[in-house]
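Colleague: Each chain, written out:
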Amino acid sequence: MSYAYYPGCSLTESAVEFDVSARAVMAHLGLELAEIPDWTCCGASAAEPVSKLLNYALPARNLAIAEKEMGGADVVAPCSACYLNLLKVNREVTHDRHLLARVNEVLLASGLTYSGSVKVRHILDVFLNDVGAKIIAQRVNRPLGGLRVAPYYGCQILRPYPVFDDPKRPTSMNRIIEGLGAEVYPWEHGDKCCGASLMMGHPEVALQSVTDILKAARQADVIVTVCPLCQMNLEAYQAEARKLGARPVPILYLTQLMGLAFGLDDEALLLEKNLTVSARARRRLAEGRPSGPDPGMEGEKTEETRKETPSKEERHV
Amino acid sequence: MSEAVRPTWSPKEDEYGPVLARLKEEVAACMQCGTCTASCPNGFAMDITPRTMWRMIQFGMVDAIFDSHTYWMCSSCYTCTLRCPRGLKLTSAMASLKRLAMLTREGRREGAFYRAFMDNVESHGRVQEMGMMSGYFLKRMDNPALPLRYLPLGLRLLGKGKVHLPGGGQGRILGPMFAKAREMEAMP
Numbered sequence: 000m001s002y003a004y005y006p007g008c009s010l011t012e013s014a015v016e017f018d019v020s021a022r023a024v025m026a027h028l029g030l031e032l033a034e035i036p037d038w039t040c041c042g043a044s045a046a047e048p049v050s051k052l053l054n055y056a057l058p059a060r061n062l063a064i065a066e067k068e069m070g071g072a073d074v075v076a077p078c079s080a081c082y083l084n085l086l087k088v089n090r091e092v093t094h095d096r097h098l099l100a101r102v103n104e105v106l107l108a109s110g111l112t113y114s115g116s117v118k119v120r121h122i123l124d125v126f127l128n129d130v131g132a133k134i135i136a137q138r139v140n141r142p143l144g145g146l147r148v149a150p151y152y153g154c155q156i157l158r159p160y161p162v163f164d165d166p167k168r169p170t171s172m173n174r175i176i177e178g179l180g181a182e183v184y185p186w187e188h189g190d191k192c193c194g195a196s197l198m199m200g201h202p203e204v205a206l207q208s209v210t211d212i213l214k215a216a217r218q219a220d221v222i223v224t225v226c227p228l229c230q231m232n233l234e235a236y237q238a239e240a241r242k243l244g245a246r247p248v249p250i251l252y253l254t255q256l257m258g259l260a261f262g263l264d265d266e267a268l269l270l271e272k273n274l275t276v277s278a279r280a281r282r283r284l285a286e287g288r289p290s291g292p293d294p295g296m297e298g299e300k301t302e303e304t305r306k307e308t309p310s311k312e313e314r315h316v
Numbered sequence: 000m001s002e003a004v005r006p007t008w009s010p011k012e013d014e015y016g017p018v019l020a021r022l023k024e025e026v027a028a029c030m031q032c033g034t035c036t037a038s039c040p041n042g043f044a045m046d047i048t049p050r051t052m053w054r055m056i057q058f059g060m061v062d063a064i065f066d067s068h069t070y071w072m073c074s075s076c077y078t079c080t081l082r083c084p085r086g087l088k089l090t091s092a093m094a095s096l097k098r099l100a101m102l103t104r105e106g107r108r109e110g111a112f113y114r115a116f117m118d119n120v121e122s123h124g125r126v127q128e129m130g131m132m133s134g135y136f137l138k139r140m141d142n143p144a145l146p147l148r149y150l151p152l153g154l155r156l157l158g159k160g161k162v163h164l165p166g167g168g169q170g171r172i173l174g175p176m177f178a179k180a181r182e183m184e185a186m187p
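Just so you know, the sequences run in chain order A and B.
Taking numbering that gives the first Met the number 0, the leading residue of the first sequence gets 0, the next gets one more, and so forth.
Taking numbering that gives the first Met the number 0, the leading residue of the second sequence gets 0, the next gets one more, and so forth.
It should be emphasised that the hints constitute simulated quantities derived from the structure, not laboratory data.
Here the structure is a predicted model, which means the values were calculated and not measured.
There may be inaccurate statements among the hints.
[Unchecked claim] Pulled from the structure, derived: some chain A residues nowhere near chain B, Cβ distances all over 12 angstroms:
hint	residue
1	Met0
2	Ser1
3	Leu30
4	Arg60
5	Lys87
6	Gly131
7	Ala132
8	Asn140
9	Gln155
10	Met231
11	Glu234
12	Lys272
[Stated by the list, open to error] In silico DSSO-like cross-links for lysine-lysine, where the CA-CA straight-line distance does not exceed 27 angstroms:
hint	chain 1	residue 1	chain 2	residue 2
13	A	Lys51	B	Lys97
14	A	Lys118	B	Lys97
15	B	Lys88	A	Lys51
16	A	Lys51	B	Lys23
[Said to hold, decoys possible] Residues on chain B that point at chain A, a partial pick, calculated with CB under 8 angstroms:
hint	residue
17	Ser38
18	Asp66
19	Ser67
20	Trp71
21	Ser122
22	Lys138
23	Met140
24	Met183
25	Ala185
26	Met186
We put the beta carbon where it would ideally sit given N, CA and C, even for glycine.
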């Protein structure tokens, strides 16, 4: 199958390992990707507070190009925010003639129009429903030997539109993780918000969310994400979360974990780009014998400081 | 809030009128059940609960809305939108509140990250992370220590080759669309 690939801005910079591993894993599964020519930013969650119209027109521009030049191929986005913004155009705009006309008026400034014929897919949806967990399991060359993996879904692939998973109790990653020979770490925090861009304006609030998630993953070997912003928040602030009682955990993109099990090369995984995967953890992951808690963090000691701060849920009644 | 000193002036009615009218439509069907408040992961940091905020909008209490910082705590997790028994797009309503508040000076400071992000998109087509953060810091001159907070992370990312120096991208490819949207949104 062939897809119109929309990497999104983060995957060209801070989430380059997501881009590289996603492309490698897709290729390994026999899926063809063609990047949408001249794609531009979807506006993330920053467009809506600035301009309602651009919140629709920015993602619509990319769908319009895919519609015009890519023969009706499904658009696949690895980033949750890109996925939701693109999907929102199909859900909120294309059935509203007045709004569609306004959005198209903006698009016309770029010489484009969009009719709503392109399907928007998240990469996890493609893995699950176009490939299937069974085929994924068959492509495994190096089973992950019982690695305890906490699946972290984040928000925007689950909500507000339930598409390929149950937003109240997401399980879509379970069968993939089990197919890779790993164990699904049981926890309730897979769909909790990481604080997203609050980490910029009100870091103390977002840090509480990150801490709660990391605390809940205390016994897990790794957390896997499918969103560059979740990945950034869970990785980059572990030192601060530790002061609030969390234990550092390596965070991988789902596609990196899949690549590991498929036996793909280091250049396809780019694990050295992750902020929480130490050289030791990399070696152990590569050898497929994960065991015991690992500090994960580069250049940090394991010494655990457990200050009992009340969790957010306890305080917020 | 004391009567003598107000941190913000409410903008003139013809400025906020259209945004507020839209907001009233967005939450008109709210029946005050409070599911949104109970669902919000950032509720602990809000001064007014989401449920109360919808009521304040219905009553048109602009001054109280401008005084609150509740909507700046919304991280767009969409839990309230998913659960609202009336099917209201509450996350969008929070974004509309941010747009409304950005008519004030205090609101423009609070919304600095969103503005810096969109400025960067307008200039480069694709977000250039380091340039975007620099733009954010420039809009937050009220807090000159802010860049220091993110400096260690910036250096780590730079060391890993995960961000690059400002420049690159698609240029002003989106300029015409931004101009058109601005023109259309200036008209009621």
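Colleague: Next, verify each hint and record whether it holds.
Modeller: Taking the hints in turn, this is what the structure says about them:
no.: 1; hint: Met0; verdict: holds (26 angstroms)
no.: 2; hint: Ser1; verdict: holds (23 angstroms)
no.: 3; hint: Leu30; verdict: holds (24 angstroms)
no.: 4; hint: Arg60; verdict: violated (7 angstroms)
no.: 5; hint: Lys87; verdict: violated (10 angstroms)
no.: 6; hint: Gly131; verdict: holds (27 angstroms)
no.: 7; hint: Ala132; verdict: holds (25 angstroms)
no.: 8; hint: Asn140; verdict: holds (28 angstroms)
no.: 9; hint: Gln155; verdict: violated (7 angstroms)
no.: 10; hint: Met231; verdict: violated (9 angstroms)
no.: 11; hint: Glu234; verdict: violated (10 angstroms)
no.: 12; hint: Lys272; verdict: violated (5 angstroms)
no.: 13; hint: A:Lys51 / B:Lys97; verdict: holds (11 angstroms)
no.: 14; hint: A:Lys118 / B:Lys97; verdict: violated (30 angstroms)
no.: 15; hint: B:Lys88 / A:Lys51; verdict: holds (13 angstroms)
no.: 16; hint: A:Lys51 / B:Lys23; verdict: holds (16 angstroms)
no.: 17; hint: Ser38; verdict: violated (10 angstroms)
no.: 18; hint: Asp66; verdict: violated (17 angstroms)
no.: 19; hint: Ser67; verdict: violated (14 angstroms)
no.: 20; hint: Trp71; verdict: holds (6 angstroms)
no.: 21; hint: Ser122; verdict: violated (11 angstroms)
no.: 22; hint: Lys138; verdict: violated (11 angstroms)
no.: 23; hint: Met140; verdict: violated (15 angstroms)
no.: 24; hint: Met183; verdict: holds (6 angstroms)
no.: 25; hint: Ala185; verdict: violated (11 angstroms)
no.: 26; hint: Met186; verdict: violated (11 angstroms)
Consistency with the previously given hints fails for numbers 4, 5, 9, 10, 11, 12, 14, 17, 18, 19, 21, 22, 23, 25, 26, ordered from lowest to highest.
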